[in-house]
Amino acid sequence: MTNEQAKAELASIMDGVQEQMRTIARIQQQRAELTARATARGKKVTVTVNADNTVIDVKFADDIDELSYQEIAKAVVEATQRACERIAEKTTDLMSPLDIQRSRMPKLSDLVEGLADLEVPGRVAASTARPTAAAHRTVADGSGRPPGDAETGRGRGGAATDSSW
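Using the working numbering, you'd call the opening residue of the sequence shown number 1 and step up by one each time.
For the record, the hints were derived by calculation from the structure and aren't laboratory data.
Worth double-checking, as some hints may not be accurate.
To be verified - Derived lysine-lysine pairs resembling DSSO-like cross-links, with alpha carbons at most 30 Å apart:
hint	residue 1	residue 2
1	43	90
2	7	74
3	90	107
4	44	74
5	59	74
6	59	107
7	59	43
8	90	74
9	43	74
10	44	107
11	44	59
What the hints assert, rightly or not - If you anchor each label on the Cβ, the simulated ranges turn out as follows:
hint	residue 1	residue 2	range
12	90	130	23 to 29 Å
13	54	111	39 to 45 Å
14	22	108	50 to 56 Å
Quick reminder that beta carbons are idealized off the backbone N, C-alpha and C, glycines included.
Please construct the entire structure, taking both the sequences and the accompanying hints into account.
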């Protein structure tokens, strides 16, 4: 490959990277505006979440008093989880142009012979199990250590009142 060919190829790659940056900026703005709404228990509970899966609105129907407190709590969790699933779907759809652009870009091994390609690790989904469930008592990395409990301090070792202080 001549020096001029290498310069032209690098310029093409840089154009592709700049196009990706513009796409990322546009997607970030659009993502920030996303919301999703879901209902539970026959539309007695409606929850709206934003793109960060933060609950931004909860509404109860006029007949909410037909449910017990426990049923209301369960309905809020169910509606929230459904709304979060919808946000995930919307985000995936929003990201598709970027995925297409990435697939057109050359891999590192295409640019430098023998160089390994970088791969982005897949996303690890967070548990939707209740905090008292077994899924929350062990660490996903297989170490078997219980994760720290922010409310009780369990799993962290000693506390400020411990004699080891």
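The hints, checked one at a time:
1. Between residue 43 and residue 90, the direct Cα distance comes to roughly 22 Å. Compliance with the 30 Å bound is thereby established for this hinted pair.
2. A hinted pair counts as satisfied when its Cα atoms are at most 30 Å apart, and residue 7 with residue 74 does not qualify at roughly 60 Å.
3. For the hint linking residue 90 to residue 107, the alpha-carbon distance of about 28 Å falls within 30 Å, and the restraint holds.
4. About 12 Å separates the Cα atoms of residue 44 and residue 74, which keeps this hinted pair within 30 Å; it holds.
5. At most 30 Å may separate the alpha-carbon atoms for a hinted pair to count; residue 59 and residue 74 meet this at roughly 14 Å.
6. For the hint pairing residue 59 with residue 107, the CA-to-CA distance comes to about 49 Å; that exceeds 30 Å, so the pair is violated.
7. Only pairs whose Cα atoms come within 30 Å are accepted, and residue 59 paired with residue 43 is accepted, the gap being roughly 9 Å.
8. For the suggested pair residue 90 and residue 74, the alpha carbons sit about 25 Å apart, so the restraint of at most 30 Å is met.
9. Using a Cα cut-off of 30 Å, the hinted pair residue 43 and residue 74 holds, with the two alpha carbons roughly 13 Å apart.
10. Restraint check: the Cα-Cα separation between residue 44 and residue 107 comes to about 51 Å, which exceeds 30 Å; the hinted pair is violated.
11. For the hint pairing residue 44 with residue 59, the CA-to-CA distance comes to about 8 Å; that is within 30 Å, so the pair holds.
12. Residue 90 and residue 130 have their C-beta atoms about 26 Å apart, which keeps the hinted 23 to 29 Å range intact.
13. Remark: the range hint 39 to 45 Å for residue 54 to residue 111 is upheld by a beta-carbon distance near 40 Å.
14. Taking the beta carbon of each, residue 22 and residue 108 are about 22 Å apart, not inside 50 to 56 Å as hinted.
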